[in-house]
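So you can see what is in the structure, the chains are spelled out below.
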Amino acid sequence: MFGLYETAFGSLTWGNVIMFLIAGLLIYLGIARKMEPVLLIPIGFGILMVNLPIGGLMVYSAEGFPAEVSSLGGLIQAIGRGEIGLLNVLYTYGIESEVIPLLIFLGVGAMTDFRPSIARPISFLFGATAQLGVFIVFIIAYTSGLFTVNEAACVGIIGGSDGPPTVFLTAALAPRLLGPITLVAYSYMALVPILQPPVIKALTTRKQRAIVMKPQLRDVSKLEEILFPIVIFLVAALLVPKSVPLIGMFMFGNLLRVSGVTDRLAQAAGGVFIDVLTFLLGITVGALMPASVFLTTQTLAIIGLAIVAFAFGTAGGLWAAQLANLFLKEKINPMIGAAGVSAVPMSARVVQKMGQEANPRNFLLMHAMGPNMAGAVATSVVAGILLGMLM
Amino acid sequence: MDWSLIAKVAGGGFGVTILVLVILSLVAWIVGMIVQKTRKPAKETPAKDK
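In the order they appear, the protein sequences are chains F and D.
Note that this note's numbering numbers the first sequence so that position 343 is 343, with each residue one more than the last.
Note that this note's numbering numbers the second sequence so that position 4 is 4, with each residue one more than the last.
If we strip away everything but chain F, and leave its shape as in the complex, we get (with noise of 0.2 Å):
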């Protein structure tokens, strides 16, 4: 500027631009639409940061990597000397040692309740099949070109929309993509209500979708609900320990939650605390897109690919419900399977409202919760096995 310092006009790319509009998107969709606002506004502040030239909070390599900090020590005179940003070290200490994700893990067990889940054992099997989706995802991935084994992988995993396990699972195995990624994960999660009732309503007959269940789950002791977490974490440990940081974190927020009397503890956790971590967890997120990396053919392909694997996640659970429905004395509303895709509790509320259309007496929220929550445990459970098989 008049020779006295320079501006950042002049190393504007026209990839800049596209994502400033991008980030605009995010941030109008969150305020206007109320779309995810937690995560999209800060996301889209974090891709504008990032995308503005010379402005240092985000430093990448000129592979395309997040500078690295290399030692705590070195920290404040690498920050001083231009060679990483705030957002580098965000980025290295809160989501590259998986530390923001699983925290906020553990604030969404201490806000989840189980009792339906307990109450309905069988929930977790949809919960299971619902994963359908994450697998089928990986194949077509995998098989494209587009994507090594790992990358795959983490593009399935959005099926499984989950949060905490998507960040968890492509921080370790494709970080690279960890933006992409998880704002596709987000956003869709969000979308549910568009994404699954046309899928709902392909796979399963008018009759199906009016099937009435009992308006009350079964009473679900005190006891039960304490034992609930610390026996799910034990077996789940055992049997897939690459998922005890994830099933740990949630059984432990859970614990908190049930224990009665750890009320402030879990206030806490599933409070600001949270809330801390989720705005911390977007900004940097949006500070994982410069133009560079977001404005790829694969990002267009994670953006296709992510209503493939909601769709068959929705349909895998929907089968399973018809299939148990061959064997059980007292048939059970097939869409309460569709909700074994997590995205807590936007796919349960889905189910209801399209219940109630079907059949005015029906009320299937809580029917459907069950699924909801064990599709969260089989999430945590997919992100282990597949860190079992590919680290």
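Hints in this document: simulated from the structure, not taken from any laboratory.
Glycine residues also receive a C-beta, built at the ideal position from the N, C-alpha and C atoms.
One thing to keep in mind: the hints can contain errors.
[To be verified] Stretch by stretch, here's where chain D covers chain F in the computed footprint (C-beta under 8 Å, at least three residues): (1) 223 to 235; (2) 368 to 380.
[Unchecked claim] Derived DSSO-like pairs: lysine-lysine, alpha-carbon spacing no greater than 27 Å straight-line: (3) F/K214 x F/K201; (4) F/K353 x F/K207; (5) F/K242 x D/K37; (6) D/K8 x F/K331; (7) D/K8 x F/K329; (8) D/K8 x F/K222; (9) D/K37 x F/K214; (10) F/K329 x F/K242.
Guided by the hints, dock chain D onto chain F, whose structure is given.
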């Protein structure tokens, strides 16, 4: 294209997922059943004649 890897990850992964979740479902069901059986039924207090 490594088809054996695809079969291992997709087929094996999905199969193991189902197996693990079936086990978790059984565990949750067994724990629930044991707790319900061991819960003492509330004692009925005989109505007192006044």
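Among all the numbered hints in the text so far, which are the ones the structure does not match?
The structure conflicts with hints 5, 6, 7, 8, 10, although it agrees with all the remaining ones.
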